[in-house]
Structures are given as C-alpha cells and as structure tokens.
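Protein chains: 2
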Amino acid sequence: MLCVAYDGSCFHGWQAQGNAPSVQSAISSLLSSILGSETMVYGSGRTDAGVHALSQVCHFDTRSQIAPEKFALVLNTRLPKSIRILSSAEAPEGFHARFTTMSREYWYLLKRSAEMLPWDDRHVTPVKEFPSLELLNEYASLLQGTHDFTTFASARDPSESKTRDIYVSGWEMTADGFGFDVLKYRTAGNAFLYHQVRSMVGTMIECAAAGESAADFRARLEAKDRKMALRTAKADGLYLADVSYDEEKYRWFEEAYGRKD
Amino acid sequence: MLCVAYDGSCFHGWQAQGNAPSVQSAISSLLSSILGSETMVYGSGRTDAGVHALSQVCHFDTRSQIAPEKFALVLNTRLPKSIRILSSAEAPEGFHARFTTMSREYWYLLKRSAEMLPWDDRHVTPVKEFPSLELLNEYASLLQGTHDFTTFASARDPSESKTRDIYVSGWEMTADGFGFDVLKYRTAGNAFLYHQVRSMVGTMIECAAAGESAADFRARLEAKDRKMALRTAKADGLYLADVSYDEEKYRWFEEAYGRKD
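In the order they appear, the protein sequences are chains A and B.
Residues in the first sequence are numbered consecutively from 1193, following the numbering used here.
Residues in the second sequence are numbered consecutively from 1193, following the numbering used here.
Bound-form chain A, shown alone (with noise of 0.2 Å):
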C-alpha cells in the first residue's frame, strides 16, 4: 500500500481513463516497468480533475524482492514531482484500498483574494473576502450526522441511496506559510456523494455573506433537493486529506447517533 499526496492540477483526476494524464496511470505505468510485468494500482477512490491529495491510499499486487517500505523512495525518484508517494509499506491480508476503507476525511482552503500569493493558483480558492466563521459553523454542525444528502448531490451522482454518515465537519481559520489567513473547512465520514463536500462548501459560504439563518440552511439539507444547494466550489481548493482503515476511528458516531437508515 502507498500514500500518495499530488497536484491535482497536472492531471485529469486520480483515474486512468483513455490518454489523458491520471495519477493513477502514472503509477501504474512506472511499477510496471519496474516490476517488469504489468501492474495496475487501486485507490480508495477517484478524485476530480483539480483535486488535490494529501493522503490517497492505493495498492497493488506484486511477487517482487524489493522491501514494502523501499518502494516510497525507488518510486519517488522516477516520479514527477507533482505526485510524491509519502510512504509505502505491506498491506495487512485481505486489505483493498478501496473496499476495506472505513472513512475518508477532506479540506478545503480558501484565502481573501487581494492576499492570494503567485504560487496559490490552483491551490487555494480565492474570496473577495471571508464570511462570518461563527454562521459556517452553524451550518456545518448540521451536516454532521447521518443525513440524506440529495440536496448536494451532482446529477450525476449514480448511487441510488443519498445516504452518508459525516463524523466530522467544521470550519477553522488557520495560515498557510508565510502568515496569510486560511479558512479551512475539514469533513470526515465513510464515503460522499459525487461533488458532495463542493456543493456543501459552496452553499455555505454563499449563504454565509447572505448572512442566511442555520434555519433556513437546515431546510436546504432537508429539502433533499438539488435545487436547494448554490454554487459548487471549484476544484482547486479541495484536498483528499485522510484515508483510514481503522474501523476503531469513528466507533464513537455510531454510539452518539446510531444509524437512520
């Protein structure tokens, strides 16, 4: 298994498809010619084009000499820089980084426009200016819990139940390195729908500057109605941050909110 962080700016998303430039392909292709016999990687799940990562997780099968944890390094020095594998080690048996994954956590990132800096394009979503902290949290404690999440769902979202437990979602200000203001949004649950977390980040903080009430954004989550959300979030600021396996995690949701569907 590998942990992998990449740009998601250089590549069309995590999954290969035909000839454009995949985070998984480029993997894939390079063990291959390493291994000297054709190997595919399997993440824990796709990411968009734009997407960034922090902490994809993937495996792949191999008979091969080479120790788990050198893969990291025999790896890195043949990848473009764009993607660097973390750390690399042997999966326990049984494990399937998409199918044995207990929960998945993401951030977003917005900066104040006027202080974006030349290397944060793409990176960072810019707004002309930071909404109420105080009533993003209000909206974002709503969506922690187990919740039908049609209203953020993309139309082409194709699974049939909008169900999702979210363990974790609130919003912090923090800094990136040169002392600028960050405003962060981090959720955590078992899986989301397609453009989930950019159509609840884009509808908070457009109803934030309305200045809208936790009421009033309580009814667009329970509309389960896609017209109810606003603006998807662009890609850039989005961040796979966490994957883990480790079903202990989050055993404390289920006590506190038990399961509604």
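Below 27 Å or equal to it, Euclidean Cα-Cα: the simulated BS3-like pairs (lysine-lysine) are:
hint, chain 1, residue 1, chain 2, residue 2
1, B, Lys-1273, A, Lys-1426
2, A, Lys-1262, B, Lys-1320
3, A, Lys-1273, B, Lys-1376
4, B, Lys-1354, B, Lys-1441
5, B, Lys-1426, A, Lys-1273
6, B, Lys-1273, A, Lys-1376
7, A, Lys-1376, B, Lys-1376
Stretch-level coverage of chain B by chain A, calculated; a stretch enters the list once three of its residues show a Cβ under 8 Å from a Cβ in chain A:
hint, segment
8, 1195 to 1202
9, 1274 to 1283
10, 1302 to 1308
11, 1363 to 1369
The set of hints was computed from the structure by calculation and includes no laboratory data.
We treat Cβ as the ideally placed atom computed from N, Cα and C, and that holds for glycine.
Assemble chain B onto chain A, guided by the hints.
Quick look at chain B alone, frame taken from chain A:
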C-alpha cells in the same frame, strides 16, 4: 509604489535583460500598455532566477489619474498569476525603491525530503534530515552585527567593501499550511552581497550536519576568504520577504552595535 509577490521559478529573475522573462519587464510592459506611454518600474534590488518574493517593492512615475491604491487591482486582473500586486500606494516625496531602502529581509525555507509535497518543488529546498536547530542558531547569532562578509560573497559580487550590517539572523521551526515541519532562516540587513544569504545558509546547513563547533564556524567568517564557504544553497528556498524604508526600524542596531567600518 507597488508591493509585489512573485514566483521566481517562472522568471529569469527580477531584472529586465534581453528577451528573458523577468518580473520587471512583465510589470513595466503591462503598465506601459495601460498608461499609454513607456513606463518602467524600478525595484528595491535584483533577485536572481528562481528566487521568490513575498514583498518586493518597486516604483514608477506617472501623471495618470488612476487612484494610486487602484493600481493593484488593475494590474492583477491582467498580470499572470505568478505575479501578484499585494498593494499599491502613492510614494512619499523623494522616494526611490532602490536608493531609499533602509533594510531588506530574506527567508530561506527547508523541508525534509520525505515530506516534500507535490507543490513544494522549486519553492522549498529539501534536506535529508534537519540538522540541530541549536547549533544552527549558534552560527546564525555570529553572523548578526557588522562584519566583512567576504567569506560568503560570490566571486561575481562587484562591491568594493564587503562589510554589511546584519540586523536579524536566526533559525526557527515553523510549519507549512499542511502541518509539515519547515525549518526557516530569517535574516535582515541593510544590504547583502551577491549570493550572500544562499552562501550563509548552505554553509550553516553543511557545518551543522557535520557538527562543527561555533568557534570553527566563527573562524570561517573571520577568515574573509571565499574558500571557507561551503555549498551555496539553491535559489528555490529563498524569499525576499520584506523591504523597509523606515529609518527607525533598526535604529536599535546602531545603538547596540555601533559602526565598525
């Protein structure tokens, strides 16, 4: 006067020279087109190819009726994202971005190789391991003050006197926007010799990795001999972080250190 941030990896330095892309020529040619007459911006000093700026200052002369503080927005709309005007203002009478500069501050950023993120390439310099912060700061404090910095000057430095005042010289552990450690050197002085900051950083890093004593490091400085400098650190990690025109900012330095030259 403009306060400008730029991504040094996209330009052949600040200074306009021939057809090589430079920050100075990019801003000057856009201003000339906006103002309808040949306009040149003058910076506080050059930065080499690859060196970034968080806060380069430059000025230009104009009879334009555009309000000074509007120039930032007007320029940002048409400049490439690799150059951002952080602010614009009317310069005080007699101001010259280069000749009235009182101090310049530089940052140098290092990360552990294994923690380099995809967007760190050409913006942070990787080192296998961080050397001792304590030792680095013993060296750094020896560089503070008024010294002949011949040891750390490039052979191409044209200045007759190699004596400069260093007001601030210190290392600290900070973090990037994603929680990874960044080892940062911060130095401010009245002026720096060609490649001086990069030579001081490269030498300090190499000496600390070898565990050299502060006394031996002091001997390098006092030798006033370029052969006593070790590696010149890469341009990638270097940022022009502040340019000050405030005569009072480092007044304490004159009182504390006097002038040796």
